[in-house]
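What follows is each chain in one-letter form.
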Amino acid sequence: MSAVLKVENLKVHFPIKTGGFLNSTVVPLKAVDGVSFDVGAGECLGVVGESGCGKSTLGRAILQLIKPTDGRVLWLGENLCDLAPEAMRQKRSDLQLVFQDPLSSLNPRLSVAEIIREPLYAADPSISRGEADQRIDEIMSDVGLLPEMRNRYPHEFSGGQCQRIAIARAMVLKPKLIVCDEPVSALDVSIQAQVINLLRKLQREHGLSLIFISHDLSVVRHLCHRVMVLYLGRMMELADRDALFAKPLHPYTQALLSAVPIPDPALERAKEPLILSGDLPSPLHPPSGCVFRTRCPKASPKCIKEVPAVEVLSGGHQIACHHWQD
Amino acid sequence: MNPVLTLDHLNVSFATNNGEVSAVSDLSLSITPGECVGIVGESGSGKSQTFLGAMGLLANNGTATGRVVFQGQDLLTLDRAALNKIRGDRMAMIFQDAGTSLTPHMRIGDQLIEVLTTHKGHSRQAARQRVLEVMESMRIPEIEKRLTQYPHEFSGGMRQRVMIAMALVCEPDLLIADEPTTALDVTVQAQILNLFRALKRHTKSAIVLITHDLGVVAGLCDRVAVMYAGRIVEEAPVADIFAAPKHPYTQGLLKCMPRLDQLLDAELDAIPGQPPNLQNLPNGCAFAERCVNANTRCHNERPALRELSSARRAACHLLEAA
Amino acid sequence: MALFQSQSDAQLKLMDAAVRMRGRSLWQDALERFRRNTAAMGGVIVLCLIALMSMIGPLISPYTLEDLSWEAIGIAPTMTNSHWFGTDDTGRDLWVLTWMGARVSLTIGVMTTIVAMSIGVIYGATAGYAGGRTGNAMMRFVDVLYALPLLFFIIILVTVFGRNIYLVFLAIGCVEWLTMARIVRGQTLSVKRKDYIEAALASGVRTGTIIRRHVIPNVIGPVIVYVTLLVPTNILVESYLSFLGLGVQEPLTSWGVLISRGANSLETAPWLLLIPATFLAITMFCFNFIGDGLRDALDPKDR
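Residue numbers (numbering that gives the first Met the number 0), protein chains in the order written: chain A, 0 to 325; chain B, 0 to 321; chain C, 0 to 302.
Worth flagging that the hints you see were computed from the coordinates, not collected in a lab. Using N, Cα and C, we set each Cβ at its ideal position, and we do this for glycine too. Careful: at least some of the hints might be erroneous.
[Unchecked claim] Just so you have them, the derived chain C footprint on chain A, three or more residues with Cβ under 8 angstroms: (1) 106-116; (2) 149-160; (3) 165-174.
[What the hints assert, rightly or not] Beta-carbon label-pair distances, calculated as ranges: (4) ARG23/C / ASP96/B: 30 to 38 angstroms; (5) SER122/B / TYR145/C: 40 to 48 angstroms; (6) ARG139/C / ALA83/A: 52 to 60 angstroms.
[Said to hold, decoys possible] Output of the computed footprint for chain B on chain A, the stretches with three or more beta carbons under 8 angstroms from beta carbons of chain B: (7) 184-190; (8) 194-202; (9) 248-257; (10) 264-271.
Based on the sequences and whatever the hints tell you, model everything.
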């Protein structure tokens, strides 16, 4: 599988003013701090982490909706960070985004057809009305919406259907990569399954590459080929799905997996949960050395001093921990 | 054993611009002392409104009818003052969003102590002692310092702990937790769930856990009631409901979830369609539209919640035939 | 795939009834709510009547603006000689004056508001969407203009260019757009954070199109409400100006002119004040009712 997207040492820092009126200083909030990975054609990469780990920022930085501070985003070999705004605008038909909150991602004043038509016109202003309508009908039935609903408005749909509209909008240009930012978190369980099935179907039928950002490990396990675990803007572990879920190496991944409640009383009660102490540190003042050390059961003095380097093991399993072999 | 709380034909409805909307219909449920009951449902199923209605905490346009018997008293007939005496003392509630349930301009310690001085008439000294005890059982580090801080200085997980502590200081007989971990990160959720587990072992209070997460229910609850469109569709002991769900909705819910402990290399068994619109509920079974096996009777006649065995109830015509 | 098929079948069944109904946009919903609001609809009807009368009122009277009835100076409202609203102290017919005044006052109210709205919406939306330094600089400029007293500004304009009704439009419009710009900017800032703006950006939609299609339609609700409240304000401003002798010039008249002259003869001929003042008050009420109705209709959550 050849990589379509290569992200190298990506950094996104936001300047944050702290302190009072007289002694204010600017501190960089390191939302994403030196993350590297690649995504193959037709591959689904899961990005997992808790709030404040920078997973949403990462998705937007790849799409250049937030300018990265440093690093490179190579799309088919071309660095997107260097492109002029107009050149980037033309690339956008290849790269799309699906949001968490389906209702707020659709303009309430536009009908479904208008919403889906917009990217078509943006990419090709000369497209004929008839052709646009045909593409809209096609994509609507593709995502499980009746084309007859084209003149209705977002508020007339349920959350699950709105997410289908958002997916149709992202798919209508036949993109090669879609960044899905928690696309099912806002949906009810029974609707979640429908949207997950839809994403899975579209991904397979169209050979799409997906970056699936989620905090729900069960969904990620079901949908993704490879999984990257982020913590406070840094990559902790990246591995094939089966390797990661069968034998997580990083203490954080282990804790994350053990924290997910299993819907089976016998298993859930027998499980000896690995419970992390404390809360996530503020991303404004991340711990020195390894950012996870304040909650890590294996933390040692070395973890305070040195940032662990990313090691690449067999099978492309990547890990950033001083003590993963212990 | 006498139930601590009995909901008897409870109805909750809201007056809206488009007419009356019924959020909870004809719901009966009882909770015995010391047990943990899980109320499971999707958004709009009425799981939160049931208990908000029971506690007299509905929004202004909402009304609750029926009977809510708490330790022999019908809560729906009580006035505000009498209700306030019970709420927070013998009966406590924890909400999803802990941030908005704490007063932002009061120190955490003072807020906790105030609960005890108003409800139990404790002296400040005695109240403080009790607060320290409870906070310690919540595994909050540096308690003394924490008590002098304000809510905004607490993280989400810490605030939820404070809320639980606040609910527990008066040793209530009934604790209602409405999605207590939904707003939290997974690792913090694990901490809070662990607290609940300890709580179940060490206190006598009954716990009602309202959630959409079946995993949380599996780990904590003794009994589960599944709600759909304002009604209980199935009620059973926790082991039974996971091992052998009877109602098609419960079955669908369990089947459609991807599971962390299993790899399914196929499509999920999704429940088709959407939950019904509460303003426009069908005459028959509310789930019939989405049920694979629904027949004409399901569409025309609403199934009653019937006893299947001593501890199990379900509302489905198909079970009757079988 | 099979499963997916069955899903859309089930949906087909569910949606069947609903599909026959054409989609209703938020605008249609708002219109429906507005129609059900009695006070607001009453306001619309009364306002239309006043506007209609301002057009045909002077025509049905036998008198014109220039006619001076020497035999009937300062008479009270009467049916006998077609001086339905009476006459003023120079013998001009108050019926004609009132409706001619309505023409001028309503035109000024509407025109100045259109001027204020056009400048305010475009300026505010641009400042809000641009944000950052550009947006801040644009709003500081507005702050500076705010600091200029309206009256001072208009007196300068009038002394430089002379008295002229178009100048009054321009002067009032140029001052009132400031508040409009602030409102629009605030709304734009909140709309800008919505995901659908980011979605449009991610689809490669150009900035101009985003402002036109996504920002303005979603900020226009509060703007419409403010506009209906701005019309009566501007009518009042014109009244002040006329009262001070800076407004429209004789023989042209406006409600403000009539009221100011009526106030001088309050004891001898009270109808000269009361009749135009009543119409002004009714118009204010109508616009305020309409404004309230629109706010309720466009923003049902606020009720």
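Checked hints:
no.	hint	in the structure
1	106-116	holds (count 6)
2	149-160	holds (count 5)
3	165-174	holds (count 3)
4	ARG23/C / ASP96/B: 30 to 38 angstroms	holds (33 angstroms)
5	SER122/B / TYR145/C: 40 to 48 angstroms	violated (57 angstroms)
6	ARG139/C / ALA83/A: 52 to 60 angstroms	violated (30 angstroms)
7	184-190	holds (count 4)
8	194-202	holds (count 4)
9	248-257	holds (count 4)
10	264-271	holds (count 5)
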